[in-house]
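First to last, the sequence lines map onto chains A and B. Quick note: our numbering has the first sequence finishing at residue 213, numbered continuously throughout. Quick note: our numbering has the second sequence finishing at residue 213, numbered continuously throughout.
No lab work stands behind these hints, which were simulated from the structure alone. Any given hint could turn out to be false.
Identical copies carry no separate label here, and so any pair may be met within one copy or between two of them.
[Unchecked claim] Straight-line Cα separation of at most 27 Å, DSSO-like style, residue types lysine-lysine; simulated pairs: (1) K68 / K23; (2) K38 / K68; (3) K138 / K68.
2 protein chains.
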Amino acid sequence: MVYPGSFKKLIEVLCRFPGVGPKTAQRLAFYLLGLAREDVVAIARAMVEAKDKLGYCAVCGSLAEMESCSYCSDPGRDQATLCIVQEARDVLVLERTGQYRGLYHVLHGALSPLDGIGPEELKLDRLEKRIAEKVISEVIIATNPNVEGDATAGYLARLLKPHSVRVTRIAFGLPVGGDIEYADDLTLSRALDGRREM
Amino acid sequence: MVYPGSFKKLIEVLCRFPGVGPKTAQRLAFYLLGLAREDVVAIARAMVEAKDKLGYCAVCGSLAEMESCSYCSDPGRDQATLCIVQEARDVLVLERTGQYRGLYHVLHGALSPLDGIGPEELKLDRLEKRIAEKVISEVIIATNPNVEGDATAGYLARLLKPHSVRVTRIAFGLPVGGDIEYADDLTLSRALDGRREM
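Bound conformation, chain A alone:
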């Protein structure tokens, strides 16, 4: 097929996006061609600008435009509660609930011996130091409910026990609005384990 050179190149770069195959890339490319030039430039600029400005908070590892993120530098947040998540995007998801008002710690990964990711790669010594230095009363572990997330949560619980801090993990169970009939066995069994007085 004879694609014009710059079109072929555009398709190629769009294909690199996660979840974008050749067909979606072509649709996105035609969408871009249909825009005014200034709009295409605005999109291009927003990408490079975000890449240039954004980094990770030196303290907690969440997405930040400055050295310190908006969570760490907010005195109104509960300084005694720390929520540990795997990725910076998980912070945004938790923030969306509007329920959590404590601090964060982003691991940027999970323990995975097969991928060569151990406690050192996750810089858990920095986390320990942070907990030792600050007056943290509760650590909430919010790693993913899968093998790596479970292993990481278990490791963290053992690691943090000597620091006389309350260590909890977010609950597993039926998703709200879900139907017991369609729940998978593992979720249902975790929901039973986690049952509460009412």
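Could you slot chain B onto chain A? The hints should help.
Then chain B, alone, in the frame of chain A:
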């Protein structure tokens, strides 16, 4: 939720893409942040470059980097056959089959009185002129198999009849690899209409 400014802006522009909602946009944004700066710049540059270089062929309306597209300027193509399509992307789809070796004519739309798109908006006079000037023996209509596409095909057939040119429309029927059981009524009835001796 407190999003860093440049991240919020990136999400906003990515959300404008067709089929991209806030969640996908966030995933794409984090993917971009994970790339090296030069890769982000390369993506941004490919977008603007494609927008700057690409236009539509002055003759047939397909995607082109120069005044004349690679189809119109290829003397090896069958100059006596013209395929009429709705959009420039349809040309790429037909080219992918590798079966068609004639010329194209892109309408950039279909007749749709409700949207105010009539024969003038599709510049059908230019198409008529093209057919009158060139020695075209067959016009293949490849508009979409829906109300607008059908209306356009019917209009074109009437319009081109006086030009003593063979006017055909691509076939409708069961998709290859499909299952009769799952075919919708309309497709099946069209497939029956279009049955051929074997």
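How the hints compare with the structure:
no.	hint	result
1	K68 / K23	between (30 Å within a copy, 12 Å between copies)
2	K38 / K68	between (32 Å within a copy, 21 Å between copies)
3	K138 / K68	within (24 Å within a copy, 47 Å between copies)
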